[in-house]
Amino acid sequence: MFERALNAFWIVLGAAAAAYAWTLGIVGPSGPESGLFPFIAALIILGAGMVLTMMPSEGATAFRFARGAALSRVLGVVGGLALMAVALPYLGFAVAGAITMLILLRAVERVSWTGSLVLAVVSVVVVSWLFGHVLGMALPRGPWGW
Amino acid sequence: MDALASLATGFSVILTPENLYFCLLGSLIGTLVGVLPGVGPLAAMALLLPITFTLTPVAGMVMLASIFYGAMFGGSTTSVLLNIPGEAASVVTCIDGHQMARQGRAGAALGIAAIGSFIAGTLGVVAMTFFAPAISAVAIRFGPPENFALMVLGLVCTLYMISGSPVKGALMIALGFLGAAIGIDVVNGQERFTFGSINLTGGLDLLAVVIGLFGVTEILANVEQHARGSLIAERIRNLWPTFADWRASWRPIVRGSGLGFILGLVPGGGPVTASFMSYAVEKRLADAPERFGKGAIEGVAGPESANNAAVAGSMIPILSLGIPGNPVTALLVGALIIHGIQPGPLFMTQRPDLFWGIVASMYVGSVFLLVLNLPLVGIWAQLLRVPYHILFPIVLLLCVVGTYSANKNVFDLWIMLGFGVAGHVLRKLEYDLAPFVIAFVLAPLMEQSLRQSLVMSPDGAMILGQRPVTALLLAASAFLVGLMFRRKRERVPQ
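These protein sequences, in sequence, are chains U and S.
According to the working numbering, the first sequence holds residues 30 to 175 in order.
According to the working numbering, the second sequence holds residues 29 to 522 in order.
By construction, these hints were calculated from the structure, which means they are not laboratory data.
Among the hints, a few may not be true.
Claimed, not checked - Stretch-level coverage of chain U by chain S, calculated; a stretch enters the list once three of its residues show a Cβ under 8 angstroms from a Cβ in chain S: (1) 66 to 75; (2) 101 to 107; (3) 112 to 118; (4) 126 to 139; (5) 156 to 170.
The structure displayed is predicted, hence computed values, not measured ones.
All residues carry an ideal CB built from backbone N, CA and C; glycine is no exception.
Next up, chain U with everything else stripped away, as it sits in the complex (with noise of 0.2 angstroms):
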């Protein structure tokens, strides 16, 4: 079910890509246009999707998704990584990484709350030091300037 989903949504994105491209130009009075090989991209995407749907669906690719405990890992690190998207730029990476790591290793791994805090202080501090000073790297700060 969810592979003919994929396979449908090939066929629209590629169809939508094509119809875009047509609008940039395909070829012009100068040559080829900026549309080209975005079109001709889209027209692959578009043929791959439709030769997909029609092929029987092999059971060695049904799609499985992660159930349970599993779906709740996957789905911690994901939160975990998106947390850290947002709270970067208020936070800066030393509290961001700090709260992400805490997460992830309590929520996804069951690590007890000491462990955890203790690793996410840790860590944070080698990245940031290894980065930040060792290497010269900029990494975001917080309002609090670390």
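Given chain U's structure and the hints, the job is docking chain S onto it.
Leaving out everything else, chain S in the frame of chain U:
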């Protein structure tokens, strides 16, 4: 002789304290990411790419290249001791390597893996020294139509070599083209697929895409499976193989070196394919194939040699043609472009210091890796005691730092997350992610070549059939596509 003189120049470039330091650092990091399961060389190179912006191109590229071949060395440690491959090219080493460890022969397995890797890596670099200039000398005469046809052939070879469906592979290539088209068209300044977003005008960042597809996706797969391995924790001793081990291994090492080098040259080949092919060849040639899977040393010597020789082989297309054959070399091409260097036939003449410096660094790196992997194998084995639940949040933190530090733009983190989730779903549906990255890197060059070809010809697309080399390359592509369909038809009745 020219090659030897140029190689001497390469050694004069690499034998400086700074370049040696970065070669050693890359070898160390490569071994580390090879040893640690769930962190591949591609993700590591992508994470460290921003660091190279502050280095000279030679130091930066030497470090990235040494991470690549270092990971091939280190990958065997995890396969042998933990039965979990440290990286994809070491999957096959698990089969006999771990069985040897269970029989108390972990030292012999790790020893022959390291020595075989060293011999194959060195033989591969020797072959590369002579092959790369010869290929460059031919390719330098290529114009835009030939370059376009060559890239088409490279992508078709990639499709031919991937294990999954070629239709899905073609779709991933087209998605890579479409992804690379996002942003401003450099020819006429027209915005494409940006939908008014200022964040998309610069296009999708290569690092965000690669870290998402190969770093985050790998983490998601590992946390979902909650994989655990059983570490063979005995003290590792008797690393030097016995006479019997040597007698059984020397032929697989030589065969693996040759096979790996050739498969490395082919786009879509590379270390992973080379190791599997070598295992299949050794099993077929063995007097007693039933020993395979039960601790046959040939099953370690051949594949480990093959994956290292493939690294040298896969460097040739990028250094002499500018065409990557796998995602790791695609990232190396991306890194060179970020440094303002266009890899291709002119690369060797325009930047001989960099070209021969990279080649020479591979000789030096092989020696570093032998030293790092034989006497220090016990230390690497101790690293395997770090539980994955502690490792993955740290890797995730590094993914964020690596992605953010390239452009200092939080939007790239969303791109990374989006590609990570999409990669996870697509991998479950048996879509190979490698063609996407290769196409994503090749697309700007390919589009430029196509547009230049069409502009220079009064007959439009007919130019692709009128020039003999172009026609030959496209005919070879068509032949391979025909073979793919035939292979598919032959499979269906079964």
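Hint by hint, here is what the structure shows:
Requiring three or more residues with a Cβ within less than 8 angstroms of a Cβ of chain S, the coverage given for the stretch 66 to 75 of chain U holds, as 7 such residues are present. Coverage of the stretch 101 to 107 of chain U by chain S holds. Counting CB-CB distances below 8 angstroms, 5 residues qualify, and the rule asks for three or more. With a cut-off of 8 angstroms between beta carbons, the stretch 112 to 118 of chain U has 4 residues touching chain S; three or more are needed, and the interface restraint holds. Residue count for the stretch 126 to 139 of chain U with a Cβ under 8 angstroms from a Cβ of chain S: 7. That meets the three needed, and the coverage hint holds.
Residues of the stretch 156 to 170 of chain U with a Cβ under 8 angstroms from some Cβ of chain S number 8, which satisfies the need for three, so the listed coverage holds.
No hint from the list above goes unmet by this structure.
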